[in-house]
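Asks: One-letter residues, chain by chain:
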Amino acid sequence: MKARLRLLRLDILRLTRSTGVAVAVVLLLAIGVYAAWRGGRNVEAAASSAIAAETAYRDQLAYLLSTYPPTTEAGEVLYYLAFPAPQPSLPLAGLARGRTEVETASLRIRLLALEGQLYEHETVNPRLAAAGDLDLAFLLIALLPLFIIALTYDLVSSEREGGTWNLVRLFARPRRLLSLKLASRACLVGALVAVPVAVAASLAGVPLDGRAGWAIALIALHTAFWFALCLGVASGRRSSTANAMILVGTWVGLTLLAPAALSLANAILHPVPEALELTVRQRQGYHEAWDLTKDETMQGFYEDYPEWSGRKVPEDVFTWAWYYAMNHRGDRAAREASGAYRGVLRERERWARRWSLLVPPLAAQLALDRLAATDLEAQLAYQDAVRRHHERLKTYFYPHFFAATPIDAVDWEGVPVFEPAATEESATRAGFPAATALVLASILALAAGSVRRASPPTLRESVGAAKS
Amino acid sequence: MQTAESGAGRPPLLEARGLSKRYGATQALDALDLAIEPGEVYCLLGPNGAGKTTTINLFLGFVPPSAGQALVSGMDVSTHDRETKHRLAYIPEQVMLYRNLSGLENLEYFAALGGKGSLGRERLADILVEAGLERDAVDRRVSEYSKGMRQKVGIAIAMAKEADALLLDEPTSGLDPKASNEFSALIERLRHGGVAVLMATHDLFRAKETGTRVGIMRYGSLVTELGTDEIGHADLERVYLEHMHD
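Going line by line, the protein sequences match chains C and Z.
If you're matching positions, the first sequence starts at 1 in our numbering and goes up one per residue.
If you're matching positions, the second sequence starts at 469 in our numbering and goes up one per residue.
Calculated from the structure, these hints are not laboratory results.
Just so you know, nobody snuck in bad clues.
Covered, in the sense of this in silico footprint (three residues per stretch, anywhere, with C-beta under 8 Å from a C-beta of chain Z), are these stretches of chain C: (1) 6-12; (2) 163-171.
List of simulated lysine to aspartate or glutamate pairs, DMTMM-like, C-alpha gap at most 25 Å: (3) C:K2 x Z:E551; (4) Z:K615 x C:E161; (5) Z:K646 x Z:D697; (6) Z:K584 x C:E159; (7) C:K2 x Z:E590; (8) Z:K646 x Z:D671; (9) C:K2 x Z:D607; (10) C:K2 x Z:E630; (11) C:K2 x Z:D594; (12) Z:K615 x C:E159.
Cβ atoms here follow ideal geometry from the backbone N, Cα and C, with glycine treated the same way.
Just chain Z, with the same shape it has in the complex (with noise of 0.2 Å):
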């Protein structure tokens, strides 16, 4: 197991060292070194093809890196498959679900595929109401779902994981104002029970509300970081715009 070491003296959840993906001619994402620890809310910023989605893959695993690594608590995700996948969450853009069962179906169904089986229904609903969902929306099938209400029924799968991590992708692309703004409180929430979160989103406003540091990357580079206590609305968004007009 190769593990680094943070300063509290345990690695950081989520950690990318010199990671890089290249498909083909295209270099997805270059040498990219990234450390987040618990409670952390680290929001990547950038255009599409920056190598924010892929940066989210290779933690997830879902494709290998061309080099580098991608460590999860320390472990790499390319030869702790398992172990990595159980500390993580994941709710990516577009929260796809099984049509025919409902939101508490669709939780039932992931809990007891994730190994929690012995949670009871009512504890489900519980934990999707906490997400946001209205408690008579629960037994309805998901093809009558908008899609924030998806979404919701997303984090309730993520909160009923208990990760360690969760891994978002641009989470509230489509979403009206207001579940956006509940959506940020519900990850205020996991950040304040010690969850590390690592969100792609091209939202600044939201990114300065929920994070509380911001990458911005260009390129499959991550070209500057910056802490968001440090800085104003305005002057993220004219930080990200000097970096684009580079």
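Extracted from the complex, chain C is given alone in its bound form (with noise of 0.2 Å):
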């Protein structure tokens, strides 16, 4: 044991006394922190964005109820006051920013048509979004593998180029001197692994749960992967450089060609609508009954609320019923559409899990975002909560704009609360798939270096053995 610890300490110092790994080490430690903080900082600024949102909600409300006189119809108001709809993030979105980067889980909606307050945001800044955040999943699943390359391309083909590799023969099997390298590295880029983890953990208020171990579970099975795939093509007979294309090229294919090939393959099976187009469906539905008689726009409103059939609205007056209905009519001329769509991008967000599989840091990635809920599923999910939330609203509301009831006669304490999407998939199901793609993949990539390294050695590698 004395000298297993003595032997992974020196292994661990002459690792570490390499400037490039030096370098590699700090710049990754102060990225992972830097990602691990913003990531802390992401999850602070949700939860005060749903606390600014119920304030700015209040602050608004007292505003427009102390600005307008008692007698104002309740629909007036209405039309100006945005209700809060914040969905509180994991803690684990502290680790995996997922689409949230690039979709707002706290919308400010008003009773007006929902279809296009869905999507608002989405034209705020593309710019900025385009320029993308820099999350600790990012860091250990395009990053991290990089520098476990640079650790173990070299593994045993250095001890053979440095001259090294006949004498450490007579002292030690080449398995256990494989592994004492492997557990050397380990330690390092666990150490690498862990110090940001932690960080963003603690940072984020990450609980000890099933998510959390899930998580963690695959953040070490992917990198134990890269392991695996390092020492499969590592301990075989090839060249430094040989060893070091093959791996950069295999990061190549798995991080960025494969990902976009599958993405791109998905786009193609799976076309969607831009979202701005739901939003001028619904535009248009809205505007069109300005040409049409009160009574027609308000047909297709009885329709899905027949309670209200009975009561009609009158044709040369406005009501605030009758405006509401509008704007409910363009809901309606979106809700195909918007279907489709939102039926296109589960497809989606089911095709690329399946397929991901085949490409593990993928899986891993869509896993981690999957139970840190910032999926598109869970986009989806936030977005069929917001609308419940506006259709609870408009429930509560309608009675008040058929009575014309004034503002001073609402019950505004009583108006429904905003019910977050629930998290529904257990952590399980989330991370099981891609642990088990990490698993079989791993164990491929050893079976394979291990068929290369019984096959037997060439005339020429007997001779450079002989001459070494």
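With the hints in hand, could you dock these two chains into one complex?
Replies: Below, the structure is given as structure tokens:
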């Protein structure tokens, strides 16, 4: 045991005394801690944003109620009033930001047509979204493998090329040497992973639950997968240069090309219209109503809310009941397209999850997003929760529109509160498929390496060994 | 386990029996018979390509023989890889070490790798000094070492291993006369400690000074064998050249 620890210490010392390794360790640690800090801040910002939305709602309501005469119809004040609908972030979102970079989870909705409001944020500043954010999942899934490759590509070849192989072989079996070198590298990489993950968990307040457990397991398995891959390649008889080229090529394939190819295939197989189209349909549905009789507009409304079909609106007078029914007409116009849009998005998500199992790093990334509830599925569930909330608000206020209730007669404290989307999928269901893919891929990589090692040396290799 | 009994009832530490190695069309070693007892220093002389390094590589198990056997303490290297390697130490022409570690750390590493993890740093530093390294050099990085200093660390690694037999491949090549002399003294000490030494060298003077027996090789065959106490320096050179001109 003492000898093993001594060897481990010396091997780590040898690694960290290399300027390149030392610089990479410092750089990755710095990026990791920064990403963890950013993640913590994002979770904090989401919580602050929820509080701010509630405060803004209270302030706006107080302002409207104090500005408008008490006899003003509720419909008029509700035209302006925005209701908060904040979806609380899971603490794990501090590790895997997923789609929260481009999709908001804190909408403020008005009682007007909903469809356009769901996507309004997308038009804020796409250039900022294009630059992307740095989250820990990106660091661990995309960048860390490069460091693992840099540490392991010459695991055996450096001994051959550095002339120490024959000396080493007299002291230990190659398998023992490999396990020692792997252990020292695993310690180094483990520390590089553990420090930012611990910082992120602490800053984001990640509880030690099943989700956190699966996230840690996925990170560990993904790291182990790259070690297995590197071991499979580096334990062969190729030169360091050849190993480096194979491993970097594999990294490019698994981290950049395969995900891009899958994404492209997904987009081709499941084409979706721009969300803007839904907004346009909804706006058209709404504006067309200006040219219709009020009764024609109300017919659609009565179909969806037959309980109000007995309450006709006058043709020659503006009523808020008609106005909101007109907005409802907009949503009705976009309803079919919106359903199809969401259906295709869900199909895309399912397809991506299924096929990502062939690309283990992508599967790990998607599973982390799933566990953190920052994926497309979570975004769609949030939109559904907003739809339900919008519906509850309408149901709450329609009696006031038809009754032309003045604002001082409305029970503002009884307004329905937003019920966030529940994270329904279990952590095991979210993490298990990717974990299985990573384990199988690791076994495959190791097996491929063993087959290669088992093949007899070539004449050139024999001569090389003899002359070294 | 295959054994061969020596005169004392124990097998020789190093023994070659009809040992041959062929690389394609090239016969690198041809039916070598050789036996080296504890406390013997056997020097293999010969031009490049004579088969000296191949002989050492066969004893070390780095290459498999085409025919015959390389035996260490009576055990066939081909079938007792671990046991035979455990009994051997090796110093190549260029001792390559880990450049990022100091001489002491290199020794610590190889000692621990060879199962001598219990040796303290003080003891290891003493071994380095015994091997001829200056005390103030033991903690310097190997990247700052000269070839001679690296050879001394190589010797220290071999000493720390406490191997029964030492295989040396051109160990004094490129060393200055003082370092070569110190090296010879060290081999002498090991020899007196009962270590069997097989040394491949071009250095006739060093072979005569250090060796107890010399074997002259050519074209993969051992052409003659002499006891160093039987001949002088000039005789050795003459015999060597005679065989080279044949």
